[in-house]
Amino acid sequence: QKEVEQNSGPLSVPEGAIASLNCTYSDRGSQSFFWYRQYSGKSPELIMFIYSNGDKEDGRFTAQLNKASQYVSLLIRDSQPSDSATYLCAVPPWAGNTGKLIFGQGTTLQVKP
Amino acid sequence: GAVVSQHPSRVICKSGTSVKIECRSLDFQATTMFWYRQFPKKSLMLMATSNEGSKATYEQGVEKDKFLINHASLTLSTLTVTSAHPEDSSFYICSARVVVGQLNTEAFFGQGTRLTVV
Numbered sequence: 002q003k004e005v006e007q008n009s010g011p012l013s014v015p016e017g018a019i020a021s022l023n024c025t026y027s028d029r030g031s032q033s034f035f036w037y038r039q040y041s042g043k044s045p046e047l048i049m050f051i052y053s054n055g056d057k058e059d060g061r062f063t064a065q066l067n068k069a070s071q072y073v074s075l076l077i078r079d080s081q082p083s084d085s086a087t088y089l090c091a092v093p094p095w096a097g098n099t100g101k102l103i104f105g106q107g108t109t110l111q112v113k114p
Numbered sequence: 064g065a066v067v068s069q070h071p072s073r074v075i076c077k078s079g080t081s082v083k084i085e086c087r088s089l090d091f092q093a094t095t096m097f098w099y100r101q102f103p104k105k106s107l108m109l110m111a112t113s114n115e116g117s118k119a120t121y122e123q124g125v126e127k128d129k130f131l132i133n134h135a136s137l138t139l140s141t142l143t144v145t146s147a148h149p150e151d152s153s154f155y156i157c158s159a160r161v162v163v164g165q166l167n168t169e170a171f172f173g174q175g176t177r178l179t180v181v
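Chains as they are written, first to last, in the numbering used here: chain A, 2 to 114; chain B, 64 to 181.
No lab work stands behind these hints: they were computed from the structure.
Possibly wrong hints are sitting among the right ones.
Using C-beta positions, here's what the derived DEER-type ranges look like [said to hold, decoys possible]: (1) B:THR80 <-> A:GLU16: 25 to 33 Å; (2) B:PRO103 <-> A:GLU16: 47 to 55 Å; (3) B:PHE102 <-> A:SER21: 38 to 46 Å; (4) A:GLU16 <-> B:SER78: 27 to 35 Å; (5) B:ARG177 <-> A:TYR72: 28 to 36 Å; (6) B:MET108 <-> A:GLN32: 17 to 25 Å; (7) A:SER13 <-> B:SER78: 23 to 31 Å.
All of these numbers come straight from a predicted model, not from anything done at the bench.
Even for Gly, the Cβ is constructed at its ideal location relative to N, Cα and C.
With the hints as constraints, model all of the structure from the sequences given.
Printed below as a string of structure tokens:
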């Protein structure tokens, strides 16, 4: 089993819809979870992070964490064509606070006008 | 947020030559930096952890003699791809760690370097 798993997609949604991106992780000790957006040919940029079970909202983005199920998701409301990118879930392994991040393979999102 | 600058953004080199990639933290001191490699349509693969003033820690399967890492100061880490071959062609990305809490850190990424070995 991969340490961090995502559906590679592509996930296609119409403009204005809600896009739901999912991620599962294997390390039960992981404490924090990050979502990055990566446009083609560019490096990742942080969207948001979540530490606690439940929901965390930031503008059109909502991260949801369920540690019991080892599941973290990202919802994008009112999706825009500019949201079309690859979304990477990243989890630091629980082996001390090393700053390492293990990335999932990423989900490609396509928002159609 | 913190700024990490990576240079060059693109490089084309001949097979057998060496290429150096620089990663600088511009507005903070980074005791730890990370080097990733990304193949087309694939995720980021951690290559090594660069620690200021000490040897880098390489991930399993990464050749340390092939990918030389130097972290001589708190603001600069370099990755040198030695005797590059076409299979080394990839997107290389560095990141620097910023502690945001007792248990958690945040990573800021450089712009990435597209290496093409011909």
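Status of each hint after checking the structure:
no.: 1; hint: B:THR80 <-> A:GLU16: 25 to 33 Å; result: violated, 47 Å
no.: 2; hint: B:PRO103 <-> A:GLU16: 47 to 55 Å; result: violated, 27 Å
no.: 3; hint: B:PHE102 <-> A:SER21: 38 to 46 Å; result: violated, 27 Å
no.: 4; hint: A:GLU16 <-> B:SER78: 27 to 35 Å; result: violated, 46 Å
no.: 5; hint: B:ARG177 <-> A:TYR72: 28 to 36 Å; result: holds, 34 Å
no.: 6; hint: B:MET108 <-> A:GLN32: 17 to 25 Å; result: holds, 22 Å
no.: 7; hint: A:SER13 <-> B:SER78: 23 to 31 Å; result: violated, 40 Å
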